[in-house]
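Protein chains: 2
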Amino acid sequence: MSSVHKATAFAPASVANVAIGFDILGFAVDELGDKVTVTRKPERGVTITDISGVDADLPKKPEDNTAGRALLAMAQELDLPFGFEMQIEKGIPLGSGLGGSAASAVAAVVAGNAVLEQPLSRIELLKFAMQGEAVAAGSRHADNISPSLFGGLVVTVGIDHPRVKHIPVPGQVRAVMAHPHLFLSTRQARSILRPNVAMSDFIWQTAHLAGFICGCYTNDIDLIRASLEDVVIQDQRKSLIPGFDDVRQAALAAGALGCSISGAGPTVFAWALQDSALAVREAMVKNFGRHDVKVDDWIIEINSPGARVVA
Amino acid sequence: MSSVHKATAFAPASVANVAIGFDILGFAVDELGDKVTVTRKPERGVTITDISGVDADLPKKPEDNTAGRALLAMAQELDLPFGFEMQIEKGIPLGSGLGGSAASAVAAVVAGNAVLEQPLSRIELLKFAMQGEAVAAGSRHADNISPSLFGGLVVTVGIDHPRVKHIPVPGQVRAVMAHPHLFLSTRQARSILRPNVAMSDFIWQTAHLAGFICGCYTNDIDLIRASLEDVVIQDQRKSLIPGFDDVRQAALAAGALGCSISGAGPTVFAWALQDSALAVREAMVKNFGRHDVKVDDWIIEINSPGARVVA
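Heads up: the protein sequence lines correspond to chains L and G, in order. This note's numbering puts the first sequence at residues 1 to 311. This note's numbering puts the second sequence at residues 1001 to 1311.
Quick caveat, the hints were computed from the structure, so don't treat them as lab data. Positions of the beta carbon are idealized from the N, C-alpha and C atoms, including for glycine. Just so you know, not all the hints are guaranteed correct.
[As the list claims (entries may be wrong)] So the derived list for chain G, only partly shown, Cβ under 8 Å to chain L, looks like this:
| # | residue |
| --- | --- |
| 1 | E1089 |
| 2 | P1093 |
| 3 | V1157 |
| 4 | P1170 |
| 5 | I1192 |
| 6 | N1196 |
| 7 | M1199 |
| 8 | F1202 |
| 9 | L1209 |
| 10 | C1214 |
| 11 | L1273 |
[Claimed, not checked] On the chain L side, residues computed to face chain G include the following (Cβ under 8 Å):
| # | residue |
| --- | --- |
| 12 | I24 |
| 13 | F82 |
| 14 | G152 |
| 15 | V155 |
| 16 | R163 |
| 17 | M199 |
| 18 | T206 |
| 19 | L209 |
| 20 | S227 |
| 21 | V231 |
Based on the provided sequences and hints, a complete structural model is requested.
Next up, the structure:
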């Protein structure tokens, strides 16, 4: 029997889609995240005793909470003879496009895993976290879950038998993040998408996806710059983000390799070389300001360790 | 002034699309190819004096011939003060799905380049070859041109400013090729494609494309096997190839990592590990035979040098 009966895990925020990998790509944003503390209790079932932080107004009924649902899925699948009590500390605003619901689910399963007798692999934890996040997204996706759990830039292939692959990011690349103080529902952002992709857009987007991945594996900054452009999703969603076109153009003019919407938005991210990251950040913040949008902003390194037990 | 006034170049056949990279991916098949001999002549213009080999019945008017058109494009763009006389030796049957028209265009520009005073880079030659192949395909594509010119497995990003990237293929992987004795027009095979891709298919195909490329870069055979599956194009075209479903199922049952249509077809290719390649070949040939389709068949290594001057 595990000697640890209580554990706290941190799971980072994440940028899903990354312009050219809708529903399959994502990278972790280690600068902010959610924390979940899990304590074993003798009775089966999951109880959420506290939710605090930037978004405390979340469902406490475990079935309706992404973190609660993820732990319920774990407990049921493993037929555990005990239950979990949990506290959630939100560091990621919901509706920000930064994978807040995914991070809570990931933190829950990582903390829960730490109090199991036989810890599971990360790929097994992924499946439980995906079941948790389905509460928020309406269906199972791994594009926020995988980077939050594994860290860095990752692609996920498959849903029922997901395979997660870490893609190396050139060391001189930074992500610039601008989080507008607006709320966007993932469901709403999904519902405005057309059900089809034009064949020509499909070809362009796949060329960009392939070029982007090859560029990352071979440190080919020119190829990353030529490829980091979304021709399918961005134009359908950008109207939900005031000033998006100006922000993006300014970021590119300041030297960004690419600039697009983080997940369902409204957060906007850019990739930039280290020596132009500050200028890109200034350009993005200034142009959001021109549209009366206040933002939080960060410059981050993309390679990071992913979710981990912190206490 | 170049001391060489006559040169012969070989350009290999190629498999375009590679299941998951429609219009952007391709790999060279060095076992067969076209040869073009180019001789400088004092007068401007291009003259085709001979066409021989497996498909001698091709247009001799240079504007209507992929090789002729490619050299014309080169001569015009560079404003050359001389012309070219050329002989074409076809090793690749047209309408086989093996990039025959692309190979002729590539061989022409590589041979032509050898008699220039200032040889061009391969990426410059690519643009002229693409103009040549547009005669056959109806529009510019690089998915056969690039592998024929560069060799190995390559992705092409962009049309007006194409970038070509070589993707390493795990050394234990072989391609198994089965070329049915049938003719399929690229134009016909393109015309039956739907103009749109369903969003869910788009997501699956991009996941497969990303997984395939990551698998190649990291020698992850399991990921290549999970990813080498076309969910967009194959089902729309397979009716043009008698027995395709049986051939594919038999190849997979014999251990293939994946099996799909080469370019517009009717040639079918599979990827397999070296130790199962023979069984995969037998399975494919046998199942084409059950449908009364005779085939030529090869097992090839995928990494190869691309087009080159041979005399």
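Do the hints match the structure? See the list:
| no. | hint | result |
| --- | --- | --- |
| 1 | E1089 | 33 Å, violated |
| 2 | P1093 | 26 Å, violated |
| 3 | V1157 | 4 Å, holds |
| 4 | P1170 | 14 Å, violated |
| 5 | I1192 | 12 Å, violated |
| 6 | N1196 | 4 Å, holds |
| 7 | M1199 | 5 Å, holds |
| 8 | F1202 | 5 Å, holds |
| 9 | L1209 | 6 Å, holds |
| 10 | C1214 | 4 Å, holds |
| 11 | L1273 | 18 Å, violated |
| 12 | I24 | 5 Å, holds |
| 13 | F82 | 35 Å, violated |
| 14 | G152 | 13 Å, violated |
| 15 | V155 | 5 Å, holds |
| 16 | R163 | 6 Å, holds |
| 17 | M199 | 5 Å, holds |
| 18 | T206 | 6 Å, holds |
| 19 | L209 | 6 Å, holds |
| 20 | S227 | 6 Å, holds |
| 21 | V231 | 12 Å, violated |
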